[in-house]
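K.L.:
Now for the letters of each chain:
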Amino acid sequence: MDRIKGVELTGAEIVVRCLQEEGVEYVFGYPGGAVLYIYDELFKQDKVKHVLVRHEQGAAHAADGYSRASDKVGVCLVTSGPGLTNAVTGIATAYMDSIPMVILVGQVPTHAIGLDAFQEVDTVGITRPCVKHNFLVKDVADLAPTIKKAFYLATTGRPGPVLVDIPKDITTMPTEFLYPESVSMRSYNPVVKGHGGQIKKAVQLLMEAERPMIYAGGGVILANAAQQLTDLVRLTGHPVTNTLMGLGGYPGTDKQFLGMLGMHGTYEANMAMQNCDVLLAIGARFDDRVIGNPEHFGQNPRKIIHIDIDPSSISKRVKVDVPIVGNVSEVLDEFLRLIRAGGQKPDAAKLKAWWKTIEEWRGKDCLKYDHASKIIKPQFVVEKLYEVTGGDAFVTSDVGQHQMWAAQFYKFDKPRRWINSGGLGTMGFGLPAAMGAQMANPGATVACVTGESSIQMCLQELSTCKQYRLPIKIVSLNNKYMGMVRQWQEFFHGNRYSESYMDALPDFVKLAEGYGHRGVQITKPEDVEPALRDAFKRKNELVFMDFLTDPTENVFPMIPGGKGISEMILSEDL
Amino acid sequence: MRHIISVLLENEAGALSRVSGLFSARAYNIESLTVAPTEDASMSRMTIVTTGSEEVIEQITKQLNKLVEVVKVVDLSQAEHIERELMLIKVRAGAKEREDMKRMADIFRGRIIDVSDNTYTIELTGAGQKLDAFIHALDSGAIIETVRTGASGIGRGNRILRA
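If you're matching them up, the sequences are chains A and B in order.
Residue numbering for the first sequence follows the numbering used here, beginning at 1 and increasing consecutively.
Residue numbering for the second sequence follows the numbering used here, beginning at 1 and increasing consecutively.
Heads up, some of the hints might be wrong.
As the list claims (entries may be wrong) - Sample of chain A residues lacking proximity to chain B, with all beta carbon distances greater than 10 Å (derived): (1) R289; (2) S315; (3) L511; (4) E526.
Unchecked claim - Some chain B residues near chain A, calculated using beta-carbon distances under 10 Å: (5) L8; (6) L9; (7) E55; (8) Q63; (9) K96; (10) E99; (11) R103; (12) A105.
Hints in this document: simulated from the structure, not taken from any laboratory.
In this text, all values refer to a predicted model and were calculated from it rather than measured experimentally.
Backbone N, C-alpha and C define an ideal beta-carbon position, used for all residues, glycine too.
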C-alpha cells in the first residue's frame with residue numbers, strides 16, 4: 001500500500017501517480033482544456049512517457065496496438081467533447097477484439113455537467129455500448145480506487161477497454177492518496193477454472209472422435225495460451241485452424257495447420273469445419289465471418305466443445321454440446337494433464353483416413369494465383385514480405401483485401417505478431433497500431449500492410465512516427481480501389497463500381513517525404529523483393545512503399561454473405 | 001414466450017441505462033421494467049418482463065450477468081413465483097356512472113383513492129391479466145387516464161435472490 005500519510009495530492013497528481021503505480025510506460029494522448037492539469041503533472045515527471053498523436057483515433061489505436069503486441073494494458077488520455085468522440089472508433093475497435101485498455105477522459109467541471117458546456121458530451125452515455133465498463137468520477141476520493149478498478153476490469157475475465165471520465169474540477173481537488181493493492185467487487189467475479197466434469201467429458205469426446213477439428217480464435221492469444229494449444233494439437237494429432245484473430249496462436253508453418261478459416265479462409269479449413277464429427281472451439285465465437293450461415297453449418301451433425309471465458313459467447317450463434325467457461329490457458333492445461341494421464345489414444349486408422357480427406361482438400365491449392373503476371377500481384381508482395389522479414393515481423397493491417405491477403409500469405413508462427421481490426425473492421429487502424437507495436441517492441445521489425453484507401457484514414461500519424469522516430473515499414477498495396485468494396489460490387493452488384501474508385505490519389509512518395517520519411521513507388525514484379533530488402537535494411541527510417549498492384553485481383557476463396565462455410569467461391573470457379 | 005427476470009444490481013447512477021441500453025442494442029423486447037432500491041440501499045432490485053425464444057432468454061440472462069454492476073440474475077418464470085402490478089386508473093364518475101363504477105371497483109377489489117365531482121381514481125393491484133380484465137370490463141369511454149407500474153416479481157417459499 002502506498003499511502004502518503006498527511007500529504008494530500010490533487011486529482012491530477014493522483015491520476016499520474018496511479019499510472020506510475022500500474023507501471024504504465026506509455027500514454028497515448030492529445031491535450032485539451034479539460035485535461036490541462038493532468039498534462040501539467042505529466043510534464044513534471046518522466047516515469048510515464050506521453051506519446052503525442054495527431055488525432056485521438058490514432059491515440060486509441062496506438063494504445064490498442066501497444067497492448068496487442070505486448071500483453072500490457074494500452075492507456076490513452078484525451079480531452080472532453082471532440083477529444084473523446086474522435087477516440088470512440090478506436091475504443092469500439094478494441095472492444096470488439098477484447099483488448100485490455102484504460103481510457104482516461106477529461107470532462108467539464110462537475111458543476112457544468114448537463115448544462116451543454118463548451119466541449120461537453122455525455123461521455124459515459126456515448127461509450128457505454130463500446131466499453132467493458134465506464135465510470136464518471138464525481139468525488140476526488142473515488143479517483144484512485146476507480147482507476148485501480150479500471151485496470152482490474154480491463155485485464156481480468158474477458159478483457160476489454162474501460163473508460164474513466166474525470167471532470168476538470170476533480171483534477172484540482174486535494175485528497176489523501178491511497179492506491180489500493182487489490183480490488184474486490186461483489187458484482188464481478190469472472191470464472192477462471194473450467195468445470196472438471198465438463199473437461200473430462202470433452203477430453204473423452206475428443207479422443208473418441210473420428211473426424212476431429214480444432215478451431216482456435218483470439219482467446220488463445222489474449223490468454224497467452226499458444227503453447228498449450230500447440231501442445232494439445234501435437235499430442236492429439238488433430239488438424240487445427242485459426243480465426244483471423246487467432247493467427248499465430250498455432251505455428252502457421254506447421255503441417256497440422258490448415259490455414260485460416262472463414263469467409264476468406266482456406267478450402268481445407270472450411271471443409272474440415274463443415275465435415276468434422278467433433279469440433280473443439282477454443283476462445284472463438286462462431287461469428288458470421290467465420291461460419292457463415294449457422295443453419296447451413298448445423299446441417300452436418302457434429303459434437304461441439306466450446307471453451308470461452310465469456311459465458312455469453314457460448315451458444316450465441318451455434319448450440320454447443322459441451323460448454324466450458326474458463327480461462328483458455330488454465331482449461332487447456334487441464335486438457336493436457338488429463339490426456340497425458342489417461343493414456344487414451346485416438347483411433348489412428350480413423351484419424352489417418354480423415355487426414356487423407358483433408359490432404360485431398362488441401363490439394364486444391366485454393367490460394368493459388370498468377371505468378372507469371374506482368375502486373376504486381378498483391379499476394380506476391382505479401383509472400384515476399386514474409387520471406388524478407390523471415391516471418392518474424394510484427395505485422396499490422398488496415399481493413400479490406402490487403403488485410404485478407406496478409407492473413408492468408410504471411411505465416412505467423414508466434415502469437416501477438418499479427419495485429420488487425422478483426423471485429424469492428426476499422427480502416428485507419430494499421431498505422432497507429434503499428435506505432436503502438438513499435439513502442440512496445442523497440443528494435444523489432446514492424447510492418448503495416450495497408451491499401452491506398454485505408455492508409456488515408458489515419459495518415460496524419462506519419463507525423464507522430466517522425467516525432468518518435470518509429471522506423472515502421474508501410475507496405476501499401478495500391479490498386480486504386482477500395483478493393484473489397486469493388487470485389488463485392490463485381491460479384492454481387494453487376495460490376496457497378498459505385499464510389500469505390502479512389503480518384504485523385506496523392507503522390508505517396510512525395511507525401512512520405514513531406515512528413516520527413518522515405519517514400520518509394522514499385523511498379524514491376526521484379527522490383528518487389530529488392531524494394532522490400534532495401535526498406536527493411538533501413539533500421540532507423542520509416543519507409544512508405546507504394547506498390548502499384550493489379551486492380552482487378554480478388555480475394556479467394558470467398559464465402560458470399562449468408563452462405564454456408566463449405567459454399568466457397570474459388571478462383572477457378574470464375 | 002413471456003419471461004419475468006429478476007435482477008439484483010448495484011444501486012449506482014447509470015446502472016439502469018446499462019440494462020436498458022443492453023436490451024435496445026441487442027434488439028431484445030422489454031414489456032415492462034421496474035426498479036427500486038432494496039432493504040440494503042446499496043443494491044437495487046429490478047424486474048424485467050420480456051418475451052423471446054429459449055435461446056434469446058438464455059442470451060438475455062448471460063448478457064445481464066456480464067454487466068459489471070449486475071450482482072445476480074434469475075428467470076423467475078422457471079419456477080413458482082408471484083407477480084404483482086399496481087395500476088392507478090382515473091375514470092369518469094358523474095352522477096349517472098358513480099354507483100356502477102363503485103361496484104365495478106369492488107368486484108375487482110380496487111380501492112377508490114381520489115374522488116372529484118365527476119371522476120374516481122381507483123387503485124388496483126394484481127397480476128397483469130387482472131388489470132387488463134378491469135380495463136376491458138370498463139366502457140373505453142369511461143377511462144380518462146391509466147398509469148401502470150409494470151410487474152414486480154418474487155420467488156415462492158424458499159426461492160430467494162440475495163447477494
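K.L.:
Compare the structure with each hint and give your call.
P.N.:
Results of checking the hints against the structure:
1. R289: Non-interface label on A/R289 holds, nearest chain B Cβ at 19 Å vs cutoff 10 Å.
2. S315: 7 Å, violated
3. L511: 39 Å, holds
4. E526: 52 Å, holds
5. L8: 9 Å, holds
6. L9: Because about 7 Å separates B/L9 from the closest Cβ in chain A, which is inside the 10 Å limit, the hint holds.
7. E55: 7 Å, holds
8. Q63: Given a least distance of 5 Å, the restraint on B/Q63 holds.
9. K96: At about 50 Å, which exceeds the 10 Å cut-off, the nearest Cβ of chain A leaves the hint on B/K96 violated.
10. E99: At about 51 Å, which exceeds the 10 Å cut-off, the nearest Cβ of chain A leaves the hint on B/E99 violated.
11. R103: Check failed: Cβ of B/R103 comes no nearer than 50 Å to chain A, outside 10 Å.
12. A105: Nearest chain A Cβ about 43 Å off; hint violated.
Against the hints set out earlier in the document, violations occur for numbers 2, 9, 10, 11, 12.
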